[in-house]
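Going by UniProt numbering, the sequence shown opens with residue 1, and the numbers climb by one from there.
Hints are computed from structural coordinates only; laboratory data are not their basis. Remember, it's a predicted structure, so these values are computed and weren't measured experimentally. For each residue, glycine too, the CB sits at the ideal point set by N, CA and C. Accuracy of the hints is not assured; some may be wrong.
[Unchecked claim] Straight line, CA to CA, 20 Å or less: simulated SDA-like cross-link-like pairs of lysine to any residue:
#1 K215 x G114
#2 K215 x V158
#3 K215 x P152
#4 K215 x W179
#5 K215 x A184
[To be verified] Restraint ranges, calculated between C-beta atoms of paired labels, are given here:
#6 G124 x F266: 11 to 21 Å
#7 W179 x P259: 25 to 35 Å
#8 R127 x K215: 32 to 42 Å
#9 L178 x G154: 28 to 38 Å
#10 Q128 x G294: 26 to 36 Å
#11 L169 x V300: 30 to 40 Å
#12 R282 x G124: 33 to 43 Å
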Amino acid sequence: MACPPSKDRQAHSSRGETERATAKSRWSQAWPHRSRLLDLFNASLRRNGARDLPGAAVLTVELLCALPIVVVAAVIRGATGFGFSLVAAPLLSWFWPPELATGIVLCLDLAATGLLVHGGILEGLVRQDALILGAAALFGALCGVFLLSLLPAGPALVGLNLAVLVSALAALAKVRWLWLDSRAAMIGAGFLTGAMIGAFAVGGTLVVAWLMASKRSPAEARGLLTVVFALTDIGTIAFRAALGLLPPSSLALTTLLLPALAAGVFIGRHVYGRIGADTWKRAVACLLVLLALGSLLRTVFPASAAPQPQDLGQEGS
């Protein structure tokens, strides 16, 4: 006999519907005159069975705006091995409720990992290092989930971004810290990265900064990042799905955005193949500096840097 849905699950489902309705209303008001071409295209989709897709995944202004964002984020991921979520998640949250936007980003990031693995990104991987770093990140993520209620988000995020900023500037200045090449430093970087991702859904830049400071080769760094992000993406998606926190429409929208993702990853891989190791390291260090500064600004000045939960139909926490 099936158990009736709990009150919490019913409340969550109702809140999700409210978020989607609010976001849809918001963007309908922003663009009251959508082109006739979009209307004709969507009508054609519905006639051919698109009505059965979850979340009414048809061509909308939001989806059109998301396409270039996904392409740019995928180019960065393909060239550097990281950065897709950090670039895409804040921007897509302007068009869709945060829960839906982050669900789409997680699925797309995992798809990008599959494309990169198929393209041979793991050829330079040191398997023993990948096993140690991946296990430390998974254990850290588990601890981060349980410590979520105990850790103050603001100071923790400020500390994370300051550490990333210092490490990136040191990499640009070609400062080398020999102790970072130790196994203890690897375990520490993996654990802290996993803990930050588990608690606050950010932290990948920390392991990137460690890889830069420990002077890993670009091929080895990209391979290690791919393993760590694959494990954390799979774990997070499974955890969200088990708790009913992965909106069904995220899968349909992910499918529609896959061509843009594939194009961006393809371009990024070719960019990586045409630049030298020193250029790659400088580009990654500069990207880390920009991401750390941007995240610091969003943390210190949240009101001016990101849409507020009430604007997106989500309850404030």
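**Message:** For a C-alpha distance cap of 20 Å, please report whether K215 and G114 respect it.
**Reply:** Not satisfied, since the Cα-Cα distance of roughly 26 Å exceeds 20 Å.
**Message:** K215 and V158 were given as a pair; does the straight-line alpha-carbon distance stay at or below 20 Å?
**Reply:** violated (25 Å)
**Prompt:** Between K215 and P152, does the CA-CA distance stay at or below 20 Å?
**Reply:** violated (32 Å)
**Asked** Holds or violated: 28 to 38 Å for the Cβ distance of L178 and G154?
**Response** holds (33 Å)
**Prompt:** Between R127 and K215, is the Cβ distance one that fits in 32 to 42 Å?
**Reply:** violated (20 Å)
**Message:** Within 26 to 36 Å: is that where the Cβ-Cβ distance between Q128 and G294 falls?
**Reply:** Since the Cβ atoms of Q128 and G294 sit about 34 Å apart, the hinted range of 26 to 36 Å holds.
**Item:** Distance restraint evaluation - W179, P259, Cβ atoms, bounds 25 to 35 Å
**Value:** violated (45 Å)
**Request:** Evaluate the given range 11 to 21 Å for the C-beta pair formed by G124 and F266.
**Result:** holds (20 Å)
**Item:** Given hint W179 paired with K215 - CA-CA distance at most 20 Å
**Value:** holds (11 Å)
**Item:** G124 and R282 - C-beta distance against the hinted 33 to 43 Å
**Value:** violated (19 Å)
**Message:** For a C-alpha distance cap of 20 Å, please report whether K215 and A184 respect it.
**Reply:** holds (16 Å)
**Message:** Tell me if the beta carbons of L169 and V300 are separated by a distance inside 30 to 40 Å.
**Reply:** Given about 19 Å between the Cβ atoms, the range is violated.
Hint compliance for this structure: hints 1, 2, 3, 7, 8, 11 and 12 are broken, all remaining hints hold.
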